[in-house]
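Trainee: Chains A, B and H supply the protein sequences, listed in that same order.
Quick note: the working numbering has the first sequence finishing at residue 551, numbered continuously throughout.
Quick note: the working numbering has the second sequence finishing at residue 1101, numbered continuously throughout.
Quick note: the working numbering has the third sequence finishing at residue 332, numbered continuously throughout.
To be clear, the hints were calculated from the coordinates, so they are not data collected in a lab.
One should not assume that every hint holds.
Claimed, not checked - Listed next, the in silico SDA-like pairs over lysine to any residue satisfying Cα-Cα at most 20 Å (straight line):
no.: 1; chain 1: B; residue 1: Lys1014; chain 2: A; residue 2: Gly460
no.: 2; chain 1: A; residue 1: Lys547; chain 2: H; residue 2: Pro131
no.: 3; chain 1: B; residue 1: Lys1025; chain 2: A; residue 2: Asn314
no.: 4; chain 1: B; residue 1: Lys470; chain 2: A; residue 2: Asn314
no.: 5; chain 1: B; residue 1: Lys951; chain 2: B; residue 2: Lys377
no.: 6; chain 1: B; residue 1: Lys335; chain 2: B; residue 2: Lys377
no.: 7; chain 1: B; residue 1: Lys377; chain 2: B; residue 2: His448
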Amino acid sequence: MALQSLDIARRSATTTPAPGARQTTEVAKLIDVSTCIGCKACQVACMEWNDLRDEVGNCVGVYDNPADLTDKTWTVMRFAEVEQGGRLEWLIRKDGCMHCADPGCLKACPAPGAIIQYANGIVDFHQENCIGCGYCVTGCPFNIPRISKEDSKAYKCSLCSDRVAVGQAPACVKTCPTGAIMFGSKEQMKEHADKRIRDLKSRGFANAGLYDPQGVGGTHVMYVLHHVDKPQLYSDLPKDPAISPLVSLWKGMAKPLASLALGAVALGSLFHYVMKGPNEVSKESEREAEKEESQ
Amino acid sequence: MTNHWVDIKNADLVLVMGGNAAEAHPCGFKWAIEAKKDRKAKLVTVDPRFTRSAAVSDYYAPLRAGSDIAFLGGVIHYLLANDKIHHDYVKHYSNAAFLINPGFKFEDGLFSGYNAEKRNYDKATWSYQLDKDGFAMVDESLQDPNCVFQLLKKHYSRYTPELVNKVTGTPKEQFLKVCEYIADTAAPDKTMTILYALGWTQHSKGSQNIRTMAIIQTLLGNMGMAGGGINALRGHANVQGITDMCTFGANLPGYLTCPTDADPDRKTYLEKRTPKPLRPGQMNFPQNYPKWFTSLCKAWYGNAATKENDFCYDWLPKLAGAQDTLAMFDRMHQGKMNGFVCQGFNPLASVSNKKKVGDALAKLKYLVVIDPLVTDTSEFWKPHGEFNEADPAKIATEVFRLPSTLFAEQTGSYTNSGRVIQWHWKAADGPGESRDDIDIVAGLFLKLKAMYAKDGGKFPDAIMGLTWAYRQPARPSPEELLQEISGKALGDVFDPKDATKVIVPAGQQIAGFAQLRDDGSTSCGNWIYGGCWSQAGNLTARRDNSDPSGLGQTLNWGFAWPANRRIIYNRASCDLSGKPWDPKRAVLRWTGTAWGGNDIPDMRPDAAPDQNVMPFIMTPEGVARLFAPGMAEGPFPEHYEPFETPLEKNPFSPNNPKTLSNPAARVYKADMEVFGKAKDFPYVCTTYRLVEHYHFWTKHSKLNAITQPEQFVEIGEELAKEKGIANGDKVKVRSNRGFIKAVAVVTKRIPTLMIDGRKTHTVGIPIHWGFKGLTKPGFITNTLTPYVGDANSQTPEYKAFLVNIEKA
Amino acid sequence: MIRDPKDLQRYTPQERANHWVVGISFILLALSGLAFFHPAFYPLTYLFGGGTWARILHPYIGVFMAFFAVLMYLRFWRLNVMTKTDKEWLDRIGEMVDGNDHNMPEQGKYNGGQKAMFWALTVCVVLLTISGVLIWRAQFSPPIGLVRFGAVVHAVAGVVMIALIFVHVYAAIWTKGTIRAMWYGTVTRAWARQHHRAWYRETTGK
């Protein structure tokens, strides 16, 4: 068996259960948006630890750089200037994979073992199994995976599964100068979030709360938000994210039903042949045709 | 910092003004967040822009760049008018009660003694009234109209909220809200810490910006307290260290001052710098100046320095005229300088008015650049499109590039903003032919010395006699240097109370600057670093972060100057009887026989409270100065406009054209002529840094270039609309000295302010781009900035000037 | 099988080639498509050199097939216009399936079932092509909603088309003497007379 911390709970395109005898602690990363200063140290740590170097891009009129997630940028800071109650707020959100308990990417993925959910909750892409179809992008409710233009593989934040496996916090957590990114068991993180939310409420943010959307079964990356009632303020963080019903249909019921239907058609044909016999040209018909010919 | 980084977590109010700690000091800013999280502290930001610091603040108030003294003067007015001061503290620990010379006046924006022609003051009247023993006279009732307290009150009575609003543009209710936050910390058990940086220093009255806050912190009783203090956040990880070691031409190491032409001999020099106590029984610590200075001469000239030859006083250069950066480049520009060694410095990018700097460099015969990076300065002569329009055919300067190693490729010490000296070990070898800065300078020195030895010269003594007792002369080790800086006994050092008792035997490292002597028996390269490498070893290499008090007073982590003291003026954290003002945050207390606690006492350890030795031991009066005659433009900070201002008159002295801008600031004629006027350049511009970059270095680093790739300027939505500029458009920003082009970032974060009844827009420009590096090539922002500095430090006015902007 | 000069020409060589180009493409598409559709079929990707090759090839084969399907459509659509007799035939398809085709209405070149098959397959090809373009990540990135919709349409249309092709192939096997029409292009007169009497009369003039 592999490291216990990397026991597999779910595997893409696999219909049989994963080994589940061992119990692993569920982990989570907590991002306290209210103490994040948008310094991008997490972006740099991510690039360094994962040996990623994106293009030197352009200024597109905002502080966001790189301007979006890419195969080589697994996390970006998104800056939103919003006015709330006549007061300007600069909401800075670290965007990246949310590590859903019910991951849309994994559900959509057709390649066995290309997407793995570890028992600790981390959702990881194993590029050696990835076929580059992009179904993970179609399945993700948060628009996170990116397909490389160079190798056509899908990439996203791995929550530093390699670090976590050996008891280290993810690189972004390790580097965050203000302690706005924390890591631990999901339980602990929720407790910590409670403390932060109480503090925010005492400072007048009545709607402060934890973003751990249940539509995807909860996430292993959670946010403390000043306005949990309006997550859209934070550069369009979805309010009630869930796997799209279309994706559920496509990768849910459709799969067994359609397979059965095809099987039924095939078998139906076989039995039809066996039971009814072939539709041959009758002797009578042949004779009549010959007769007509000779006329 | 009078306090230190970790101590920020002890504050009840963290004020970020004159800086953007979250942006420029993200690691240190963690302590502001800790204060918020664990102490329920409030965080307040005052800035022309809604900054990254503002993003996590409880409250934000805007102000116009260059109007900080008006704002803070208004705060002083509020504190005095609403009686929100720490009375006992002010009465005993400041010079509030001191009586001032009745000849001292303030009229029409000017203090008494102004000389308009020389643009300076005769400070004769800015003095205490002295009694027959030479002690300052006081009125403990604080009622005498000539006492500092009454003068202060009178001076700042003019800083009404209405006038503050007119000058700063801060809406009145927002200004008052900030006042309330600050005033709350007048309670003895409440403290405010102030985090500032270049947003206060880089003005033509930068030092006075900080002085105004020093007055506020003194009135509130926040100096010396855990969670209080005046905290300058320094830029480079070791900029505090470089300042300590004398980056200013007018200083010697440890803030000793350079001899000048007016100090013909050692005796005169020392007499002028060794003050007498101004109140009875005070420590008057600068009385030890001769010990520090003599030990420095012994460190430099060793055995050659003897009592008989005045410890080689004559070998020291005597300062003739200003030696600051602006003065230097002005002389270069006039063709009065032919060689320039530029070490770890990129003046083409970082000094104001790039054109002047470029023209000046072109007049040199040679330029030596010692740097790990290919700096813009080292290619000032090379055409880089419109980013650097140089004509090499017309430039004769010979440029030598000496590649040096980077910080991580060197062993040595850093001194951080909190004065903590920390040893660090090299992580990797430098690439290619790079060499440590120490080796490069040692090589240059040995070559010079050999040339003097061979060819002689006009004055070889100072070079030939310099101590150079390193094991490998061409490669002095950082360890040897720090030992030399820390100091050692050359002969036996005796106990002053018992002349037979040797406290430091000859040859040993001293344990602290108290062991320095002025008889030549000790050497010390920088007295404030005294004892950082004692007989116990390299104390700066200590890494014990145990914190028994929980206040972050990790006394066994590195070594803080002076004397490993973490909070300066910590005696002021106790009342007269020696009890902490706030027992929950006690750093010190009188134990009955001595001062003890969680810090090294900033006080003679056995000075019982009834001896009335006051806490501010570095002043001859023993108390904090609300009235500070040392400043160039006046003992009380007064608001003056930036040299490029949208206003025609100074609203605080509207009838005096001389006081529109700092009357005591030095301005060169040619630079005065290229100051822009508001009719041509209607927008206030301020320059600043971004968290993604460090100065002009990290444009050479791929990771930094990725996170902030291209030069931009920030403007408010209203100005953008007026000018038809859309987010992401290319714009051209002009000042009277040149132009830059960059991408426009249109933002809600730059408010339009009402200044003196007129809408005033701000243009913000980050500085980090240039024509060398991995980022997209950009213009040097300092093409735009004016060539004028603070009257005291000559730090250029990068933070407030005028520009115009159009779509490119 | 012995060729008989009296056999009737049912398909020209061009028509046969076109059919088989489309047919082979379809088989490849169905095999690779099923592999992406359900994990049980994933091993089919090995036929293409592995998952990634299957993913790369599938859309190109799709475009290829779509092109030839259009040609085929242009060749045959007129012949597949439904008539009243076709509807009558379709109404009585039960008898046909039951193996009792003696009383079925007289059919032209194509019977009602074949025509229905033609139009159903045409609709499938159109849907598969459009939805296939929508989900072709390597080339296009339309709005995510469209991609998701495309994925469902592609899957449904694909399954339906595979089922239809099953029926198509089975019908050819079941009706003896049919397959040779697509191999050699000819059918026997008796076959034509029995299954497509109107076409038989038309061709032979009898």
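Trainee: If a hint holds in the structure, say so; if it does not, say that too.
Mentor: Checked hints:
Between the alpha carbons of Lys1014 (chain B) and Gly460 (chain A) the distance comes to roughly 33 Å, so the proposed pair goes past 20 Å and is violated. Simply put, Lys547 (chain A) and Pro131 (chain H) have alpha-carbon atoms about 16 Å apart, close enough for the 20 Å limit, and the pair holds. Restraint check: the Cα-Cα separation between Lys1025 (chain B) and Asn314 (chain A) comes to about 17 Å, which is no more than 20 Å; the hinted pair holds. Straight-line distance between C-alpha atoms of Lys470 (chain B) and Asn314 (chain A) comes to about 40 Å, which puts the hinted pair past the 20 Å bound.
For the hint pairing Lys951 (chain B) with Lys377 (chain B), the CA-to-CA distance comes to about 34 Å; that exceeds 20 Å, so the pair is violated. Pair hint Lys335 (chain B) plus Lys377 (chain B) holds up; C-alpha atoms about 18 Å apart against a cutoff of 20 Å. For the hint pairing Lys377 (chain B) with His448 (chain B), the CA-to-CA distance comes to about 17 Å; that is within 20 Å, so the pair holds.
Consistency note: the structure conflicts with the earlier hints numbered 1, 4 and 5.
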